[in-house]
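Asks: Produce the complete structure using the sequences and hints provided.
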Amino acid sequence: MAERVLMKGNEAIVRGAIAGGCRAFFGYPITPQNEIPECMSRLMPKAGGVFLQAESELAAISMVYGAAAAGVRTMTSSSSPGISLKQEGISYIAGAELPCVIANVQRGGPGLGNIAAAQSDYFQSTRGGGHGDYRTLVLAPWSVMECYTLTAEAFDIADEYRNPCLVLLDAVIGQMIEAIEIPDWKPKVPPKPWTTTGAKGRPANVVNSLYIIPSDLEEVNNRIQARYKHAAEHLTRAQSIRTEDADVVLVAYGCSARVCRSVVDMARGEGIRAGLLRPITLYPFPTREIDALAERGKRFLVVEMSSGQMVEDVRLAVEGKSEVRFYGRTGGVVPAPAEIVEQVKAMAKASSGSTTVNRQPTTVN
Amino acid sequence: MQKVYERPESMADVQMSYCPGCLHGTVHRMIAEVIDELGVREQVVGVCPVGCAVFMYEYMSCDMIEAAHGRAPAVATGVKRVLPDSVVFTYQGDGDLAAIGTAEIIHAAARGERITTIFINNTTYGMTGGQMAPTTLLGQKSTTCPTGREAMREGFPIRVCELLATLDGPIYLARVAPVNAAGLVKTKNAIKKAFQKQLEGRGFSLVEVLCNCPTQLKVSPIDSLKWVEENMVPYYPLGEFVDR
Ligand SMILES: Cc1ncc(C[n+]2csc(CCOP(=O)(O)OP(=O)(O)O)c2C)c(N)n1
Ligand code: SF4
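Just so you know, the sequences run in chain order A and B. Read in order, the letters of the first sequence are residues 34 to 398 in the working numbering. Read in order, the letters of the second sequence are residues 9 to 252 in the working numbering.
None of these hints come from the bench; they were simulated from the model. Every value quoted in this text rests on a predicted model; they were computed, and no experiment measured them. Using N, Cα and C, we set each Cβ at its ideal position, and we do this for glycine too. The reader is advised that the hints may include incorrect statements.
[As the list claims (entries may be wrong)] Quick list of simulated restraints, FRET-style, between CB atoms:
| id | chain 1 | residue 1 | chain 2 | residue 2 | range |
| --- | --- | --- | --- | --- | --- |
| 1 | B | VAL22 | A | SER273 | 48 to 58 Å |
| 2 | B | GLY163 | A | GLU356 | 51 to 61 Å |
| 3 | A | LEU349 | B | THR151 | 38 to 48 Å |
[Claimed, not checked] Just a few of them, taken from the derived set where beta-carbon distance is under 8 Å, the chain A residues facing chain B:
| id | residue |
| --- | --- |
| 4 | PHE59 |
| 5 | VAL83 |
| 6 | LEU91 |
| 7 | SER95 |
| 8 | VAL97 |
| 9 | TYR98 |
| 10 | GLY99 |
| 11 | ALA100 |
| 12 | ALA103 |
| 13 | GLY122 |
| 14 | THR229 |
| 15 | THR230 |
| 16 | GLY231 |
| 17 | ALA232 |
| 18 | LYS233 |
| 19 | ALA237 |
[What the hints assert, rightly or not] SDA-like mimics (lysine to any residue), calculated; alpha carbons at most 25 Å apart, straight line:
| id | chain 1 | residue 1 | chain 2 | residue 2 |
| --- | --- | --- | --- | --- |
| 20 | A | LYS233 | B | PRO16 |
| 21 | A | LYS225 | B | GLU66 |
| 22 | A | LYS233 | B | VAL22 |
| 23 | B | LYS149 | B | GLN139 |
| 24 | A | LYS233 | B | GLY209 |
| 25 | A | LYS233 | B | GLU208 |
Replies: Below, the structure is given as structure tokens:
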């Protein structure tokens with residue numbers, strides 16, 4: 034039987050990473066992710082890997098770049114202001130077609146903001162974040178269990194797509210403690226003939242993101258974009274909770290999805306057919322899933338701990354076929370379920386009217 | 009007929025893009041010779057800078073990584089930490105190492121990373137067109153201090169070897185000037201010693217090479233060598249600062 038243990042989200046990131054084959058971690062302290070480097074400093078040497086506290090986030094991500102070039106599964110973690118600094122390296126890693134994993138335990142912003150949970154780095158995470166034509170693949174856990182499993186899987190994804198993979202959580206998911214079952218995990222490591230490990234018995238390899246001839250760079254960019262297209266087909270993931278018969282579909286990820294999970298039952302208790310679509314991959318975004326719901330006439334309420342970022346992707350998916358409303362709290366404020374229920378009620382009232390409702394409470398699937 | 013001079017194995021058979029008379033190519037060759045002489049080509053991972061030497065990966069025939077501007081010591085750290093048996097070097101200009109990458113070089117040195125840095129101090133940002141560098145001399149003109157560097161306006165030039173010599177992490181720090189026959193020999197010897205120190209696995213090694221940039225100085229290659237000797241050497245004294 035799988036081992037069942039109590040653990041913080043941030044610790045699950047560490048244990049998931051080691052299970053996923055991570056053998057080099059480079060970090061820099063920042064709240065609310067400090068448990069990640071702290072826990073790494075204890076566990077990584079035991080796993081035979083490298084832990085190093087860098088002098089800055091700029092340096093940490095550059096160390097990740099070096100370790101990834103050397104063919105080792107590697108990661109860094111930070112929180113919002115630190116992730117801004119890492120964008121230089123993330124762009125270089127994407128340009129050099131290297132795999133790596135980055136965890137962002139989001140906090141309030143802009144600027145120094147605060148250390149409370151926020152989801153205001155959605156644009157930065159899903160649009161690439163740094164300069165140039167690239168994206169980061171983004172996984173958004175909503176539980177401690179998913180912190181573990183998605184981080185472990187992030188290394189396979191990064192290797193498969195030769196692209197940075199971001200695990201995007203927030204202070205609530207990172208700090209909360211839940212019981213999880215440690216799964217058996219076997220990393221899938223593809224061959225890496227491109228690594229710079231010393232040119233022993235082969236021609237020299239170069240890891241580089243500089244292509245001085247525009248048509249050469251265009252070719253690389255097209256290759257990178259083709260990988261994103263593949264990811265959109267094969268990697269996109271979302272969880273649907275009671276969307277089948279729903280009139281109003283809440284769309285939320287991470288911490289706000291947990292709040293919305295309660296809202297679904299509360300709204301149904303009041304006779305409103307509500308459901309939840311929870312994107313698990315934020316890039317690629319579950320556009321098709323949302324479009325399918327819009328086709329069936331469902332209306333959407335996007336809930337974020339930001340002033341409205343993911344809502345743009347939902348609107349792009351819906352393409353005006355149905356109504357999309359937004360409810361957000363910012364600055365580190367977590368919305369209370371009752372606030373959101375009011376929004377759902379207002380939406381239901383504005384619609385032409387629903388009839389019978391299944392009042393049974395649901396179990397989380 | 010006896011062959012007395014040939015291309016080192018660690019050097020690729022391509023034409024370099026440096027200006028005529030520029031010492032970048034000379035120093036590349038010395039590094040390649042040292043790698044050959046130490047028999048470590050198959051263990052070497054080099055990290056190139058952003059600067060005129062950005063294409064160094066095309067000129068060497070060993071594994072190479074192109075780093076972001078100033079981050080080469082951190083990239084090299086990432087490689088060396090996961091491949092402790094590799095031989096890792098960075099090659100960096102003065103803008104790369106002593107301006108944007110100051111934090112990275114100081115901390116790599118302080119950690120005693122088992123890497124070797126070849127630091128090209130030519131007092132200018134060659135690649136971007138001759139702007140002021142952290143090592144531009146007082147009074148020296150550049151495209152961004154057109155009337156000459158003034159201490160109370162642009163600050164003082166940084167002596168990197170002396171700065172790093174205050175740390176315990178470096179085991180070898182030397183400054184050389186390959187501007188005459190003796191200087192060329194000393195430069196090659198210092199580079200070799202720096203790599204040998206890395207092989208000992210006890211700490212960080214760096215060779216600061218005072219170089220010319222005839223293009224930005226707007227003088228002939230010969231005069232640029234004289235310029236280095238007459239203007240740079242008095243401010244940047246040659247010698248070994250750390251050898252332990
Ligand atoms: C982040 C960033 N800032 C600025 C530049 C532009 N840039 C390219 S080379 C260079 C200066 C290089 O000067 P130096 O390190 O002295 O080397 P040299 O060209 O003289 O050999 C600069 C500022 C860049 N590529 N990246
Ligand atoms: S600009 Fe200066 S440093 Fe750059 S290649 Fe020309 S001479 Fe050398």
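Asks: For the pair LEU349(A) and THR151(B), does the Cβ-Cβ distance stay inside 38 to 48 Å?
Replies: 46 Å, holds
Asks: Given ALA232(A) was flagged as interface, is its beta-carbon under 8 Å from a beta-carbon of chain B?
Replies: 5 Å, holds
Asks: If you take the shortest Cβ to Cβ gap from VAL97(A) to chain B, is it below 8 Å?
Replies: Since the shortest Cβ distance to chain B is 6 Å, the answer is holds.
Asks: Is the shortest C-beta separation between GLY122(A) and chain B less than 8 Å?
Replies: This hint holds: GLY122(A) lies near chain B, its Cβ roughly 7 Å from the closest one there, short of 8 Å.
Asks: Holds or violated: is the Cβ of LEU91(A) closer than 8 Å to a Cβ in chain B?
Replies: Holds, because the Cβ-Cβ distance from LEU91(A) to chain B comes to roughly 7 Å (cut-off 8 Å).
Asks: Under 8 Å, Cβ to Cβ, is where SER95(A) needs to be relative to chain B, so tell me if that hint holds or is violated.
Replies: 4 Å, holds
Asks: Check the hint pairing LYS149(B) with GLN139(B) against an upper bound of 25 Å on the C-alpha distance.
Replies: Status holds; Cα separation ~9 Å.
Asks: The hint names PHE59(A) as touching chain B; please verify it with the least Cβ-Cβ distance against 8 Å.
Replies: 7 Å, holds
Asks: Hint ALA100(A) vs chain B: min CB-CB distance below 8 Å?
Replies: 4 Å, holds
Asks: Checking hints one by one. Is ALA103(A) an interface residue toward chain B, by the C-beta closer than 8 Å rule?
Replies: This interface hint holds because 5 Å falls under the 8 Å limit.
Asks: Return the status of the interface hint for LYS233(A): holds when the least beta-carbon distance to chain B is below 8 Å, violated otherwise.
Replies: 4 Å, holds
Asks: Could you grab the alpha-carbon distance between LYS233(A) and GLU208(B) and see if it respects the 25 Å cut-off?
Replies: At roughly 21 Å apart (the allowed maximum being 25 Å), GLU208(B) and LYS233(A) satisfy the hint.
Hint violations for this structure: none, all hints satisfied.
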